[in-house]
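Enquirer: Sequence lines, in order, name chains A, B, C and D. Residues 1 to 350 (this note's numbering) make up the first sequence, in order. Residues 1 to 350 (this note's numbering) make up the second sequence, in order. Residues 1 to 350 (this note's numbering) make up the third sequence, in order. Residues 1 to 350 (this note's numbering) make up the fourth sequence, in order.
Derived from the structure by calculation, the hints contain no laboratory data. Any given hint could be a false lead.
When chains are identical, the list treats them as one kind, so a pair holds in a single copy or across two.
Unchecked claim - Derived DSSO-like pairs (lysine-lysine); straight-line CA-CA distance at most 30 Å:
1) K253 <-> K136
2) K97 <-> K136
3) K44 <-> K136
4) K169 <-> K50
5) K135 <-> K44
6) K140 <-> K168
7) K135 <-> K3
8) K169 <-> K253
4 protein chains.
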Amino acid sequence: MNKIPVAILGATGLVGQRFITLLANHPWFEIAELAASDNSVGKKYGAAAKWQLPFEIPARLAQMSVLPCDPHAVQAPLVFSALPTDIAGALEVEFAKRGAIVSSNASPHRMGADVPLVIPEVNPDHLALACVQRKKFNSKGFILCNGNCTTIHLVLALAPLHQRFGLKKALVTSMQALSGAGYPGVASLDIIDNVVPYIGGEEDKVEQEPRKFLGKLNGETIELSDIRISAHCNRVATRDGHMETVSVEFETKPQLEDVIAAFDEFRGLPQELALPLAPARPTVYRREPDRPQLKLDRDAEKGMATIIGRLRECAVLDYKFVLLGHNTLRGAAGATVLNAELLYAQGELG
Amino acid sequence: MNKIPVAILGATGLVGQRFITLLANHPWFEIAELAASDNSVGKKYGAAAKWQLPFEIPARLAQMSVLPCDPHAVQAPLVFSALPTDIAGALEVEFAKRGAIVSSNASPHRMGADVPLVIPEVNPDHLALACVQRKKFNSKGFILCNGNCTTIHLVLALAPLHQRFGLKKALVTSMQALSGAGYPGVASLDIIDNVVPYIGGEEDKVEQEPRKFLGKLNGETIELSDIRISAHCNRVATRDGHMETVSVEFETKPQLEDVIAAFDEFRGLPQELALPLAPARPTVYRREPDRPQLKLDRDAEKGMATIIGRLRECAVLDYKFVLLGHNTLRGAAGATVLNAELLYAQGELG
Amino acid sequence: MNKIPVAILGATGLVGQRFITLLANHPWFEIAELAASDNSVGKKYGAAAKWQLPFEIPARLAQMSVLPCDPHAVQAPLVFSALPTDIAGALEVEFAKRGAIVSSNASPHRMGADVPLVIPEVNPDHLALACVQRKKFNSKGFILCNGNCTTIHLVLALAPLHQRFGLKKALVTSMQALSGAGYPGVASLDIIDNVVPYIGGEEDKVEQEPRKFLGKLNGETIELSDIRISAHCNRVATRDGHMETVSVEFETKPQLEDVIAAFDEFRGLPQELALPLAPARPTVYRREPDRPQLKLDRDAEKGMATIIGRLRECAVLDYKFVLLGHNTLRGAAGATVLNAELLYAQGELG
Amino acid sequence: MNKIPVAILGATGLVGQRFITLLANHPWFEIAELAASDNSVGKKYGAAAKWQLPFEIPARLAQMSVLPCDPHAVQAPLVFSALPTDIAGALEVEFAKRGAIVSSNASPHRMGADVPLVIPEVNPDHLALACVQRKKFNSKGFILCNGNCTTIHLVLALAPLHQRFGLKKALVTSMQALSGAGYPGVASLDIIDNVVPYIGGEEDKVEQEPRKFLGKLNGETIELSDIRISAHCNRVATRDGHMETVSVEFETKPQLEDVIAAFDEFRGLPQELALPLAPARPTVYRREPDRPQLKLDRDAEKGMATIIGRLRECAVLDYKFVLLGHNTLRGAAGATVLNAELLYAQGELG
């Protein structure tokens, strides 16, 4: 089988490095081009990237010359974007116009009216928005987004509850890992023996993006869900894995065991299609009193699941629980790749 | 002036060590006796305590022989208790019966119907319950409790809002420091690059104790407040200082600036009486976007204040904010000492 | 092929858990029995072990009943020992007397005159001591030891230099990970934002054991090497991976590139025999200026190699360098298993 | 008494902030000017500095306008320099030429032939070099340097031994705190659960500077000591406090108790002159088996002492021990201020 050649934009950063490891031996995709910022262009990837992961860069990729993030320099029909927020908006449009399908981890287009913001287990039907973009761009290209790292795991936990029982409100406090801020990211003096109760822009993403994920496709638009979400976002001294405490209010309060069953039984299209990166269980409920924990659970299901625990009554809303998810796998690069796998499996990549 | 001789029960532990440092040069109290568990009895305090604080044990105290935690061996009329939960209940009663006033940091008696559970800025009138105990014990002794470390800072932040506007609900997530679990407490392998989303018994304390602090003295009983509180308690890798995110719902929603004014202007009896350990401001509101932080704020006001920040609208309840407090000062030993200072200033210590 | 049934003594501890993961799918050995201390006996292993590793306990083993560490209760002909120091000495002898071959990570017998203390790449010939024990015990059983976690990696780095050039002295400072102290081990308050410059008994092991590893088999005894080693051992706030700075003095000072070549080219019997757990390269020299680092290198070669870097002139001795090794894999459980694999490959297991 | 007006160059950085706190209430000096890099110039200091210390910026200083680091803009006769390495060299000369006395924490001039590199307890006579500079600059200005943070504490421990017994060699491994790298400095992802065995340029400073501190003033030059020092420098996950393991070789090996006595009894000119920032004991020897530790000892003697422990025989050199010192107090800003206090007490400030 001929693999589809793909490019990685922002390949030297932390999410870019995760793309490398997820795509290096992918059954459907083959890394053909690596692109990064000007000070990396022309260098070998192995020299340009300050590598952060506990395995070697694959030799073939280490030798690849870094290209500029320019739609004329980068030819691949499928592009994974880990571009920085400030340039992603304009650049991703250019790529789509020249015909590339852009699976993006960047935030600027997530809430765009004609941009599918997709978690394959939750709202794969939103991919239908692609045709709106294709018309607008007069091209076969379009932009497909995944959510914010904290949002994705929140939505994976909320979706089974919303589908089965109807959700009205969720109040979430996050304890987010350092890799979520990229590299070099958070200064060590800001986090050793400290907690920072503020992450710029994060709370708004966590409050707004779920309304689109849980929204309804209506012709060529998404009707946002009217679920009300409030977020407190904090940075703590952990490397990988976002922990979130969540309280929820239902349309009609279900039984506690029925809520657990909803977590246990949740499956979606990626499981049905057996997408390469799909977790066997997208939501894993653990019954131990002190789980999930980062040291034990963040890598479960290849880092592609949301691990949930401690479901119990909430004195203010209906129930409360805690969830944990790997922020650079299912919360970033893994989400972007899974979205592309969904496109492939549905024949969208030609 | 003759100082009042005091004893410390559980003197070798982490809270006991804080008592030492707070009382070593106290203007009203003088440490006369140190008591601890059997394996310390008879040793010099300096040898018995595995000292954890960044200053030397005062020489006089280092040389003091450790006594058993026995009301017959310990003579002081005022006793500070940092006894372990499993023995504090019965022992503190014995001390009260023999005539000692027990200012306790232990949890067993906190919710007792005739036990004042007091934050001097919030509910000093609850001290009136002492006479109920005195009758029961037929003694001048009684037990006076402070709250749980997470609860105290929560209540210090809620009280000015409740007094001024009326509060109905609060939803809180804590990120608690390691010193809250005592020494040796949490294993290092359980917390480096980890978060533990569970602290045994903690959530119940945080949900129940505020109802008593904010309750009304009615003759010889406290009518519990009907405020509804829900807590998610987490352990993170910090040494001192509990961070809490809080969302609140009011009887009638006030203006945001009025809420800040309530924090800014909050004062109580300790400030009026100029108690030695009283903070100038029991609640400090900071307007920077990323405060409070442990590294900057936990020692503000000698560790005796609750530092608050980031007040903003909440999409689920009315407002949300973050608070930080030192857990072994105002959250434990400092609270116990301040309660005793209140007794002294009101002439209860004879 | 019939696998050899093996038992794990001290199966619930941190090293015991590593044995589980290394042996769960081993090509030659099959876990038949799990033994631990009295408070675990009779429980299912899954309930008895406070599991610390980021993957699930294999289901078959989680269901196995824990046996007492008693040579009459445990039948397997090959026994892996992670027994605590205070009981390992006597118990391991009992196991050897009843005919078991004991591959031990415990320290009491390491310096025993008739006990082989082996790193398979360094001194596999020392296995000849087994026959001395077999005579003494009048049994086919014997005890085989691996070294201390810090020692093993030090010796792996020193051996290629000693073999090729002759070494006279080594001065080493270790920065040791928390897992080296077991679980619960080091209290979190002792290590967050701290360094502890003392590990009880450790320096003596690091100074003495290499003299045996690098010693010469002479008939039925080992002549200890007269290499002089001085160690400073420290505990730092890392989970896994011991870092060591080393300065060495040679018989005759070689060229720097020749020293690097010795590291690069070092191979031994495990590589020749292709033992299942053998690293392709037991010593890996990295030329980057800031390597090795735990986050990047501790899991290289399945955690079975010693990673070395920064070789340069030393103003006091001849050369200096830094090394890193995984302390619970090649530094403990991995060493014990590799020793057993060597026995198997040499036909000693029957 | 009229205080001497002083300026701080590089006032917004981490060392600059320490200058602020050490000088805010100084009995002899008064902060008159604060200077920093272009992007701070013209701002209020409180807005320009990203404050890192656990107490408020003094209100008077928070309101001060930041000046450029220009000898024409800054008028004070005494200047404290925390300038970055790349600009300190040229700028400090300009300040000296215009007549300012520059007490500098920067490294470029430390090894300069006519620059006194001084620890007041160790080599106060080296101040005599000032007159060489004054002649060269034809000005009353000159540059006075303190050493590198790791070096200062090493030299404070070596000096009493060298003075009393004569030292030939020292082999040191450092475990350095994050504040030593400034702010933002080390990325959190580079140090959580990691050790970095490399700090650019550090080892050379630790090996060379002691030769000057321990050298002899001979007329207008310093004869470097021929002590041989070898350093391994590492970064670990601590906020403040450098730990160093040290092995030493003497001219003639003294008795162990005599070495301890040398540490215990060491005093110098700052103690004799009772300089405001002088520690009562510049070297503190602790006899506990596991001291010094950062959490207990780094703030001893106001952070101005070197804390030593664990003196014992070394199998390679004569003795070994461990030392700890606060890196931004005695290791940086405190050293710079103490040097200026020495000048003042000796009448050099007019």
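Enquirer: Now look at each hint and say whether the structure bears it out.
Expert: Hints, verified against the model:
1. K253 <-> K136: neither (44 Å within a copy, 46 Å between copies)
2. K97 <-> K136: Within one copy only: 9 Å inside a chain, 68 Å across chains, cut-off 30 Å.
3. K44 <-> K136: This pair counts as neither: shortest intra-copy Cα distance 37 Å, inter-copy 50 Å.
4. K169 <-> K50: neither (42 Å within a copy, 36 Å between copies)
5. K135 <-> K44: neither (38 Å within a copy, 54 Å between copies)
6. K140 <-> K168: neither (38 Å within a copy, 55 Å between copies)
7. K135 <-> K3: within (27 Å within a copy, 64 Å between copies)
8. K169 <-> K253: Both: 12 Å inside a copy, 19 Å across copies.
Checked against the numbered hints above, the structure violates hints 1, 3, 4, 5, 6; every other hint is satisfied.
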